[in-house]
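Please put together the full structure from these sequences, using the hints given.
Below, each chain spelled out in residue letters.
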Amino acid sequence: MKLKLGDIAEQLGLELRGDPLVEIHGIAALGAATTGELSFLFSPAYRTLLQNTAASAVILREQDADDCQIPVLISDNPRLAWARVATLFDSTPTPDGRIHPSAVISETASLGANVTVGPNATIEGSVTLGARVCVGAGCFIGEGAFVGAGSRLFANVSVYHGVSIGERAIVHSGAVIGADGFGFEPDWAAMKMVKIPQVYGVVIGDDVEIGAGTTIDRGALNDTMVGDGVKLDNQVQVGHGTQIGASTVISGCTAIAGSTRIGSYCLIGGGVGIIDNIEIVDQVEVTAMTLVSRSITEKGRYSSGTGLLPSRIWKRSIVGFARLDDLIKRVRGLEARGQK
Amino acid sequence: MKLKLGDIAEQLGLELRGDPLVEIHGIAALGAATTGELSFLFSPAYRTLLQNTAASAVILREQDADDCQIPVLISDNPRLAWARVATLFDSTPTPDGRIHPSAVISETASLGANVTVGPNATIEGSVTLGARVCVGAGCFIGEGAFVGAGSRLFANVSVYHGVSIGERAIVHSGAVIGADGFGFEPDWAAMKMVKIPQVYGVVIGDDVEIGAGTTIDRGALNDTMVGDGVKLDNQVQVGHGTQIGASTVISGCTAIAGSTRIGSYCLIGGGVGIIDNIEIVDQVEVTAMTLVSRSITEKGRYSSGTGLLPSRIWKRSIVGFARLDDLIKRVRGLEARGQK
Amino acid sequence: MKLKLGDIAEQLGLELRGDPLVEIHGIAALGAATTGELSFLFSPAYRTLLQNTAASAVILREQDADDCQIPVLISDNPRLAWARVATLFDSTPTPDGRIHPSAVISETASLGANVTVGPNATIEGSVTLGARVCVGAGCFIGEGAFVGAGSRLFANVSVYHGVSIGERAIVHSGAVIGADGFGFEPDWAAMKMVKIPQVYGVVIGDDVEIGAGTTIDRGALNDTMVGDGVKLDNQVQVGHGTQIGASTVISGCTAIAGSTRIGSYCLIGGGVGIIDNIEIVDQVEVTAMTLVSRSITEKGRYSSGTGLLPSRIWKRSIVGFARLDDLIKRVRGLEARGQK
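Top to bottom, those sequences are chains A, B and C.
Note that my numbering gives residue 138 to position 138 of the first sequence, counting from 1, and the numbers run on in steps of one.
Note that my numbering gives residue 10 to position 10 of the second sequence, counting from 1, and the numbers run on in steps of one.
Note that my numbering gives residue 202 to position 202 of the third sequence, counting from 1, and the numbers run on in steps of one.
FYI, nobody ran anything at the bench for these hints, they're computed from the structure.
Please note that the accuracy of each hint is not assured.
Pulled from the structure, derived: some chain C residues nowhere near chain A, Cβ distances all over 10 Å [claimed, not checked]:
{"hint": "1", "residue": "Arg-61"}
{"hint": "2", "residue": "Asp-67"}
{"hint": "3", "residue": "Gln-69"}
{"hint": "4", "residue": "Phe-89"}
{"hint": "5", "residue": "Leu-111"}
{"hint": "6", "residue": "Thr-128"}
{"hint": "7", "residue": "Val-176"}
{"hint": "8", "residue": "Gln-243"}
{"hint": "9", "residue": "Gln-339"}
Here are some, though not all, of the chain C residues that point toward chain A, as calculated from beta-carbon distances under 10 Å [unchecked claim]:
{"hint": "10", "residue": "Gln-63"}
{"hint": "11", "residue": "Ala-103"}
{"hint": "12", "residue": "Gly-162"}
{"hint": "13", "residue": "Asp-180"}
{"hint": "14", "residue": "Met-193"}
{"hint": "15", "residue": "Gln-198"}
{"hint": "16", "residue": "Gln-237"}
{"hint": "17", "residue": "Gly-239"}
{"hint": "18", "residue": "Ile-274"}
{"hint": "19", "residue": "Glu-298"}
{"hint": "20", "residue": "Val-319"}
{"hint": "21", "residue": "Gly-320"}
{"hint": "22", "residue": "Arg-337"}
None of the values given here were measured: they were computed from a predicted structure.
Virtual Cβ for every residue (Gly too), placed ideally from N, Cα, C.
Structure follows, in structure tokens:
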């Protein structure tokens with residue numbers, strides 16, 4: 001894939017300063033780019049890299065353009081320009097619009113125009129796939145599930161019965177949507193745990209991305225809901241009946257228990273744990289590996305845990321942590337004595 | 001699916017107060033239920049919701065029945081009644097008892113009566129499937145594995161060679177049972193890690209549920225054991241040679257290292273980490289995201305970590321945590337001075 | 001599988017003291033071994049177990065051999081001997097060198113000598129598989145991917161387009177290599193997150209093991225790199241553009257964010273979180289469930305978090321933790337007063 005710099009400028013609607021005929025075959029970071037690659041200056045802090053870059057062109061802000069010896073594309077948001085230019089060099093295979101003969105598709109499934117179904121996929125009865133949906137190799141889509149137009153499931157995704165996925169979703173390999181929520185009730189007479197059937201489903205909005213190995217459980221007393229524009233990274237766990245507001249972004253390995261309501265435009269994770277049955281308002285940011293052990297009622301940034309320490313110092317600190325309550329009492333005692 | 005309230009009362013063995021002909025087509029929470037839905041009063045704290053619920057009937061304790069304007073079913077354990085009534089409205093597709101022609105099944109596999117095997121599943125040599133076992137689409141069951149009667153593997157489960165699963169197990173999509181435990185030994189002469197073959201297997205008891213994406217490794221010097229009635233949520237990791245006692249319940253994203261012995265009737269997780277080669281007695285409860293870094297010899301509730309804080313306060317606390325040992329010494333110094 | 005003790009001694013190059021005709025059919029721990037099993041004394045601390053073991057032979061150090069009533073194999077590294085002897089009793093099915101007829105393989109894929117492809121696997125165009133590669137049932141290998149000689153993918157592994165895996169790799173079920181890194185850029189004008197296409201790939205070295213359910217994302221501005229001899233346990237997450245140095249060992253459920261550089265010969269995890277865009281030098285050890293929130297510039301052992309406590313004590317400590325900054329100020333105040 002080779003593009004002329006002038007064509008890129010035109011497609012992105014950016015001002016070009018330099019030779020429009022320069023050929024670009026890819027993108028790279030400033031420090032690593034070589035001839036034929038387009039790069040980016042995301043922050044003035046890295047302006048010195050401009051001097052020595054071997055990139056053939058760079059996207060930067062107007063105010064950073066002066067020093068630059070190579071052709072530039074002027075953007076007031078180079079990171080957003082990056083997102084757009086990268087699509088031009090994306091090598092992700094395009095769905096071919098074919099139903100592979102090895103796929104097993106129920107006669108009662110309804111497939112929209114230009115649907116692609118990969119090898120060895122299974123689509124059960126009464127499933128509806130919107131136009132241009134792409135179901136990867138080895139995927140399973142259970143009875144009565146719905147996938148909206150333009151959505152793409154990569155290989156080996158599992159979608160249980162009755163799950164609803166909106167339009168333009170991207171679901172990565174190994175994701176499991178609609179498995180049973182984790183619900184058991186002790187029957188002490190029989191000394192065993194009785195399974196609570198998870199009779200509700202999962203409803204996922206439009207423009208959602210779901211990472212590899214992420215699991216979203218079906219609900220017991222209400223649907224699990226993932227709002228429009230939500231982005232879930234890899235290995236995220238979403239418990240039954242939980243609701244995630246629109247445009248919230250959740251990083252890898254975050255675990256969310258059941259029946260919790262998370263607001264919109266939150267930034268969570270990774271490795272965060274969120275307990276069940278709490279509420280988090282809009283625009284909350286939670287730093288990595290925090291345990292959210294109670295509702296959050298005000299927007300802002302929240303954390304838990306301790307900082308990284310050499311283990312020998314840490315060992316002394318955790319001993320101190322265990323005695324903190326005692327320490328506070330002793331300080332109070334010293335203060336009381338001092339006041340006499 | 002529509003049921004008459006009188007029939008539900010009869011099936012659950014509950015006293016009905018109200019019209020037995022009321023039609024019920026589903027269940028819902030008190031605050032969300034609409035006409036035709038059956039709801040539940042799990043706690044007297046929510047009695048006020050009874051006034052305005054649109055549910056057509058409610059299951060509650062005798063002592064909560066007086067205020068109620070709608071038909072009631074009397075239960076001394078509404079949560080257990082919920083578990084039972086939900087089975088009546090469960091839409092999970094029932095196994096059809098067919099072997100799909102696209103499944104690849106070794107001639108030396110032994111299949112019991114009424115076994116279901118979904119599309120594109122693979123069952124290797126000498127596998128034994130008990131009566132009524134259901135193997136979902138895309139599952140893999142390796143050489144010599146055993147699955148007991150009535151067990152169900154949803155789509156895309158992987159079971160390695162020699163693994164044994166008991167009766168009435170439920171295994172959700174993406175689960176992997178019997179992959180190699182993580183064992184390497186440094187060969188310093190060759191400056192490399194040498195793999196320790198994991199020659200033992202995994203033995204899973206009866207009535208076990210295994211969540212989506214959960215992984216249970218095979219053992220190196222003994223079998224990994226999961227006791228009867230154990231419930232594992234999604235994305236749990238069970239290391240090689242670890243033993244989990246009967247009826248223990250482990251929530252999502254908990255990671256258990258190898259050769260650890262966990263007792264019976266424990267409640268663990270989610271997001272808990274448990275190190276290797278320790279022992280946890282029966283009836284231990286471990287709160288979310290705790291690191292269990294030593295054996296637990298007494299039943300009770302255990303925790304680690306810190307509470308949720310606004311990040312600006314948390315940053316000061318983690319600085320203090322790093323200096324805790326010094327702080328304790330200073331307090332000791334103040335106390336000594338005070339005693340002079 | 002039965003071997004004579006003399007033959008085992010010869011194959012491992014170990015000195016035998018005792019009857020070479022003793023038959024050995026397996027290995028087990030000293031305390032659990034029965035007749036026909038070979039065991040190990042890894043540490044002198046367990047020498048008393050030698051008295052009562054029912055093992056038919058034991059591998060131990062010269063200096064531990066005197067007490068022993070049963071045949072012994074002398075090794076100056078019994079753990080390494082264990083790794084080697086275990087291969088003799090490994091029941092993992094050997095690849096049969098057949099391409100299963102149900103596998104879907106592009107005509108433009110290139111398969112080396114003695115490649116095995118299991119049932120219902122999918123191999124897309126221009127994929128290259130080296131000699132003796134084994135692709136398990138239900139695996140997906142995307143366009144243009146490369147798998148080096150002698151590598152083995154167990155069932156239901158997903159490898160995206162363009163991913164490169166070295167020689168002698170072992171990849172366990174449910175692993176996903178090359179899914180999109182998690183990259184979005186807010187477009188505030190449109191109030192939505194714009195996806196940054198992840199146009200780079202994943203490059204994995206030789207002799208790498210990748211655990212069940214582990215996910216390794218493709219890069220946005222550079223390839224994600226996993227060095228030679230790296231061992232990743234189950235459910236590890238490796239973010240886009242991250243680099244892991246040779247022979248580093250990472251335990252289960254560790255999450256590594258994007259663009260981070262980890263050195264060689266590190267020991268990390270399990271359950272560790274490592275933030276993005278940091279650097280960790282060689283030979284760093286990180287204890288379980290630590291959050292690595294900054295670069296580590298010196299080798300050594302690092303930790304975060306707190307120790308395990310009974311929950312009632314822990315609750316008081318987390319209250320103290322929240323007030324640590326205040327406590328330090330109060331101690332400073334007491335000290336200042338004392339100095340007057």
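To see whether the hints hold, each was checked on the structure:
Every CB of chain A is more than 10 Å from the CB of C:Arg-61 (nearest about 29 Å), matching its label as outside the interface. Every CB of chain A is more than 10 Å from the CB of C:Asp-67 (nearest about 36 Å), matching its label as outside the interface. Taking the minimum C-beta to C-beta distance to chain A, about 42 Å, the non-interface status of C:Gln-69 holds against the 10 Å cut. Consistency note on C:Phe-89: stated as away from chain A, and its beta-carbon is indeed over 10 Å from all of that chain's, at 32 Å minimum.
Every Cβ of chain A is farther than 10 Å from the Cβ of C:Leu-111; the closest lies at roughly 17 Å, confirming the non-interface assignment. Residue placement check: C:Thr-128 keeps its beta carbon more than 10 Å from all beta carbons of chain A (closest about 16 Å). The Cβ of C:Val-176 sits about 4 Å from the closest Cβ of chain A, inside the 10 Å cut-off, so the non-interface label is violated. Listed as a non-interface residue, C:Gln-243 keeps its Cβ farther than 10 Å from every Cβ of chain A; the least gap is roughly 12 Å.
Taking the minimum C-beta to C-beta distance to chain A, about 12 Å, the non-interface status of C:Gln-339 holds against the 10 Å cut. Against a cut-off of 10 Å between C-beta atoms, the interface hint on C:Gln-63 is violated, since the closest Cβ of chain A lies about 31 Å away. The beta carbon of C:Ala-103 comes within 9 Å of a beta carbon in chain A, closer than 10 Å, and the hint placing it at the interface holds. The interface hint given for C:Gly-162 is met, as the beta carbon of that residue sits about 6 Å from the closest beta carbon of chain A, less than 10 Å.
With a cut of 10 Å, the hint placing C:Asp-180 at the interface with chain A holds, because the nearest CB-to-CB distance is about 7 Å. Look at C:Met-193: its Cβ gets to within about 6 Å of chain A, closer than 10 Å, so that hint holds up. A hinted interface residue such as C:Gln-198 counts as satisfied when its beta carbon comes closer than 10 Å to some beta carbon of chain A; here the least separation is about 8 Å, so the hint holds. At its closest, the beta carbon of C:Gln-237 sits 5 Å from a beta carbon of chain A; the interface hint therefore holds under the 10 Å criterion.
Because the beta carbon of C:Gly-239 sits about 7 Å from the nearest beta carbon in chain A, less than 10 Å, this interface hint is met. Hint status for C:Ile-274 relative to chain A: holds, with the closest Cβ pair at about 9 Å, below 10 Å. With its C-beta approaching chain A no nearer than about 9 Å, C:Glu-298 sits inside the 10 Å limit, and its interface hint holds. Look at C:Val-319: its Cβ gets to within about 7 Å of chain A, closer than 10 Å, so that hint holds up.
A distance limit of 10 Å between C-beta atoms decides the matter here; for C:Gly-320 the minimum to chain A is near 3 Å, and the interface restraint holds. Taking 10 Å as the C-beta contact cut-off toward chain A, the hint placing C:Arg-337 at the interface holds, the least distance being around 6 Å.
Violation of the numbered hints given earlier is confined to hints 7, 10; the remaining hints are satisfied by the structure.
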